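Asks: Line by line, the protein sequences are chains A and B.
Be aware that the first sequence starts at 1, since it is given in UniProt numbering, and climbs by one per residue.
Be aware that the second sequence starts at 1, since it is given in UniProt numbering, and climbs by one per residue.
Heads up, some of the hints might be wrong.
Listed next, the in silico EDC-like pairs over lysine to aspartate or glutamate satisfying Cα-Cα at most 20 Å (straight line) [unchecked claim]:
no., chain 1, residue 1, chain 2, residue 2
1, A, Lys38, B, Asp27
2, A, Lys38, B, Glu31
3, A, Lys38, B, Asp19
4, A, Lys2, B, Asp27
5, A, Lys2, A, Asp45
6, A, Lys86, B, Glu118
7, B, Lys40, B, Asp84
8, A, Lys86, A, Asp64
9, B, Lys57, A, Asp139
10, B, Lys57, B, Asp70
11, A, Lys2, B, Asp19
12, A, Lys2, B, Asp20
13, A, Lys303, A, Asp57
14, A, Lys2, B, Asp43
15, A, Lys38, B, Asp43
16, A, Lys38, B, Asp20
17, A, Lys303, A, Asp289
18, A, Lys256, A, Asp289
19, A, Lys181, A, Glu207
20, B, Lys57, B, Glu118
21, B, Lys57, A, Asp57
22, A, Lys38, A, Asp142
23, B, Lys57, A, Asp81
Per label pair, the in silico range of CB-to-CB distance [unchecked claim]:
no., chain 1, residue 1, chain 2, residue 2, range
24, A, Ala133, B, Thr36, 35 to 43 Å
25, A, Gly255, B, Cys101, 53 to 61 Å
26, B, Cys101, A, Asp289, 48 to 56 Å
27, B, Arg82, A, Arg128, 51 to 59 Å
28, A, Glu186, B, Ala154, 42 to 50 Å
29, B, Thr36, A, Ala332, 44 to 52 Å
30, A, Asp142, B, Gly140, 45 to 53 Å
Worth flagging that the hints you see were computed from the coordinates, not collected in a lab.
All of these numbers come straight from a predicted model, not from anything done at the bench.
Glycine included, each C-beta is placed from N, C-alpha and C at the ideal position.
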Amino acid sequence: MKQFDYVRPATVTEAVAAAAQPGAVYLAAGTNLLDLMKGNVTRPDRLVDVTHLDGLDGIERLADGSLRIGALVSNADLAHDGEFVKAYPAVAEALLSGASAQLRNAATVGGNLLQRTRCAYFYDTASRCNKRAAGSGCDARDGENRSHAVLGWSDRCIATHPSDFCVPLLALDAIVEIEGKNGRREIALDELHRLPGNTPENESALEPGDLIVAVRLPPAARGFAAHARYLKVRERASYAFAIVSAAAALRIENGKIAEARLALGGVAAKPWRARAAEDVLKGVAPSADAFQEAAWRALTDAKPSGANAYKIELARRIVVRALTLAAAGTPARIPALPASPFASTSGAIHA
Amino acid sequence: MNHSISLTVNGARRDFVLDDPRVTLLDLLRERLHLTGTKKGCDRGQCGACTILVDGKRINSCLALAISHDGADILTIEGLARGDRLHPVQAAFIAHDGFQCGFCTPGQIMSAIGMMQEAQAGNDPERIRECMSGNLCRCGAYAGIVDAVLEAQAGADETNQRRSA
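Just chain A, with the same shape it has in the complex:
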């Protein structure tokens, strides 16, 4: 690991000033950053430790019905917050399907949003990677790419965004509050992460010094609590990143879908909102045919970036399954294997 300077600012303003310097990065729990630094994938000159800042670790319900989640709230504290689980069950399920209990205890809300891709070629400093070293090339294109992107990728980069948390957040129109050199601003989560295009090294809309201070769920996000699921296919039952995942949330009135929300994970460099699929579900009764149609619409633009054509069909099926489960109703308790498509048939004895 490269040597770095360690700075512990006393206020958000001090933090922003300290992190605006070239080579500086924020340190929260460090569960992703330290891993990357140990592998020399990320080589910061300065770590700006925000974990001791006051006022960033609260979960508060605002007067208009929004929920404001401080950037330093741990993934575990949020997922186990009773009120949160009731109001946003698919978000809690997604959180609990990610990483391990130890990592969830440490990892923060802001850090989860900004975690880096798990593309093996990004991690391997002997490989070419346009994201790690701009213009160096992409060894994933002709490499082991069965888990890579099928939507929104470019010839320069086929990496995916690994977050589970972001997928239902995106479906629920989450807003990101940012403190920067010019004060406070907010953007839609959909605008935070960028598709690779010709500049895969530019992953987000954040400017130097920008600090995510909170994530907000707007009032309408509560309207989906009765019919919301997150579903995730991975290569083992637990503690694995998504090959494909889907967050489905429905507002059902008088037997018809008044409003549908759908987002996919593991398919692109950003969490992927499927608005065309949402549109086709509006006003119809929940049915297998309607969900099939939505799944086709969600993947219309998908194309393989390598040996991963199977992910397109897998994504369609996960969309159908997630919508079907959401229509059936949010379970009273998050399943033993959160977000697992196998949970309902299990009770399986793995040991």
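Based on the hints, put chain B in the right spot on chain A.
Replies: Just chain B, lined up with the frame of chain A:
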């Protein structure tokens, strides 16, 4: 530049001067305090052998910078037994053969204690397996580990009932 931090480790306050900010909690425990029960397996947050409790919560000590945890209260495997009397989770791991080579065992035990405090799994074996998935056992002693956790959980439930009765 040197940085001073203080930690409470297994009940005792310890002060440190760090001449390098790169020191993880894991390396601090092992190299500075010679508390080598906490194991370095992968050193990348994938195996769970380095699991300790920080302010009552289980985390991977390999992915935690010591300098960032100034003031933290730390519990390691060395802080569990009271003299010759083992912690109930330690005793349950022995009773149920919850290990073979033993390398992952301190992490498994600290993780199990953290899990019981989180109170999410109860006595459901499937939930226990899920909640312990951050601890790998290359010997494959998982069946014994789950049985050990079930017994420890049952013992804890009984103790709580007695206290509330």
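Asks: Please write out, lowest number first, the hints stated earlier that are contradicted by the structure.
Replies: Going through the list in order, the structure violates hints 7, 9, 13, 17, 22, 30 and respects the others.
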